[in-house]
Amino acid sequence: MPAGFFLSIAALILFPVSPQRATFVLCGLAVEALGLGVAIRGHMPARGESRP
Amino acid sequence: MTPIAPAMTDAAFALALALLLIAPLAIAGVALINTGLGRSRSAAQALLGNLAIVAVAAIVFALVGATLGGTLPGASGSAGHAFQAAGKPWNWIGSGPFLLGALSAAPAQSQLALLFEFLAVGLAALIPWGSGADRLRLTSGCAAAAVLAAIVFPLLAHWVWVGGWLSQLGVNFSLGAGFLDPGGAATVHVLGGLTALSVIWIAGPRKGKFPKEGLATALPGHNAVYILFGCMISLVGWLAWNLAGALIWIHAPLAALPVTAVNTLLSASAALAATFAVTRIRFGKPDASLCANAWLAGLVASSACAALVTPGQALAVGFIAGIVTPLLVEVLELAVSIDDPSGAITVHAAGGLLGLFAAGIFASQPGQLLAQLVGIATLLGLVLPLVYLLFWLLNRVLPFRVEPDGERIGMDLHELGGGAYPEFVIHRDESYR
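Respectively, the protein sequence lines represent chains A and B. When the first sequence is numbered by our numbering, its final residue is 395 and no position is left out of the sequence of numbers. When the second sequence is numbered by our numbering, its final residue is 1663 and no position is left out of the sequence of numbers.
Source of the hints: derived by calculation from the structure; they are not laboratory data. There could be a bad hint or two in this list.
[Claimed, not checked] Computed, partial: chain A to chain B, Cβ under 8 Å:
hint, residue
1, Met344
2, Pro345
3, Leu355
4, Ile356
5, Pro362
6, Gln363
7, Gly371
8, Glu375
9, Ile383
Just so it is clear, the structure is predicted and the values come from calculations on it, not from any experiment. Cβ atoms here follow ideal geometry from the backbone N, Cα and C, with glycine treated the same way.
Working from the sequences, and respecting the hints, build out all of it.
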């Protein structure tokens, strides 16, 4: 997720032109979405964990 | 968005102050909803926790957070610390006076802004408490609120409201008017919702929520009256909150306030109507707690955009919030096993993100949508990992989750020694033995 954030910030600095900048910010958000998906999957309790 | 620019008229100042005195009703409403959505054997602990968290957040924000937030000008008069990158200043942290020094000598607008932040930090810290219901210790909840009020909230509030780098995206990178969030959708609700997600990940689900086989167990809220009455109180608080935010952070003219109020009401109403219809179609009858969640999601979405959109657009935003809310609650619980009793992730995080996105979509200035997307990227890519890391460390020192016996007998008896409803028989759940 932080990688997506830094990608978005890099887009602001590196691309003064709007379309490229927007594309890279969207790419950053996509990377964050992937990271969030991995984090959610990593925290899913295995079935049977919750009951002794 | 900065409280410094054009001077506020006396009428606007008096109105903003009066609104801020009503705004705590939003906190009261959320507290009632959190309590009603928990179980009866944890009700007193839940409501006491709501009060304690607001108190801790206020104290810690006064001691530490307000200095980092930088809302009051410091001794040198500077608004914060900035570094230079790519020839642009990146104002990343405030430098206010220690312990609210010279508060009474600060400009009136800055004092109002600080009062707004005090309420905002209380509400933001309250949101994850509902998600940790029935398993989160009172001391851990207060410690989490302290971390939020000392570090994360002040940073975000500075970036968004007090001349920080997100608010300067318009000046430095020609992105509309910079990241806009007059009602605290990002600084309060998305922050609170993402904090709730971190708390749930760290504390884990309630015992018996996800059994070995079959679907997740339904653990419905114990008091629908609290939940629905909390929604009504929230409306009053939210109206005050959104109007005060518009006056303080985007310097809205008085003539623009009725539209902001109408938009707030329309957003919540459309969300409720949409969820009412969705649950009626899916389950045959409308679901009270999901409708309450949708009402709140509509209000949360309006926090970002009520002062920036037309009534028709507010209706559309609320309608989308109402469609998404019941579906996302179901997905989070059934598909990814997230046990969120108060629905904070859906209501506050998703609702807030929707409002922030809508504020960009419906904006008239070019580049505003990109500014909103950069703000959203900051929330998901920086704030969530930061909160998770801080809470993971805190959990090593002060475990979030109560002992198994606490969950078995209920948090009221375990932590307070007495229940909220002493005349009722508290049923112990035999399946936990």
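Verification of the hints:
1. Hint on Met344/A holds. Least Cβ distance to chain B is approximately 5 Å, under the 8 Å limit.
2. Taking 8 Å as the C-beta contact cut-off toward chain B, the hint placing Pro345/A at the interface holds, the least distance being around 6 Å.
3. With its C-beta approaching chain B no nearer than about 5 Å, Leu355/A sits inside the 8 Å limit, and its interface hint holds.
4. Given hint, Ile356/A at the interface with chain B, holds; its Cβ is 4 Å from that chain's nearest Cβ, closer than 8 Å.
5. Hint status for Pro362/A: violated, given a least beta-carbon distance of 11 Å to chain B, over 8 Å.
6. A distance limit of 8 Å between C-beta atoms decides the matter here; for Gln363/A the minimum to chain B is near 11 Å, and the interface restraint is violated.
7. The interface hint given for Gly371/A is met, as the beta carbon of that residue sits about 5 Å from the closest beta carbon of chain B, less than 8 Å.
8. Given the 8 Å rule on beta carbons, the hint for Glu375/A holds: about 5 Å separates it from the nearest Cβ of chain B.
9. The restraint placing Ile383/A at the interface with chain B holds, with a minimum CB-CB distance near 5 Å, inside the 8 Å limit.
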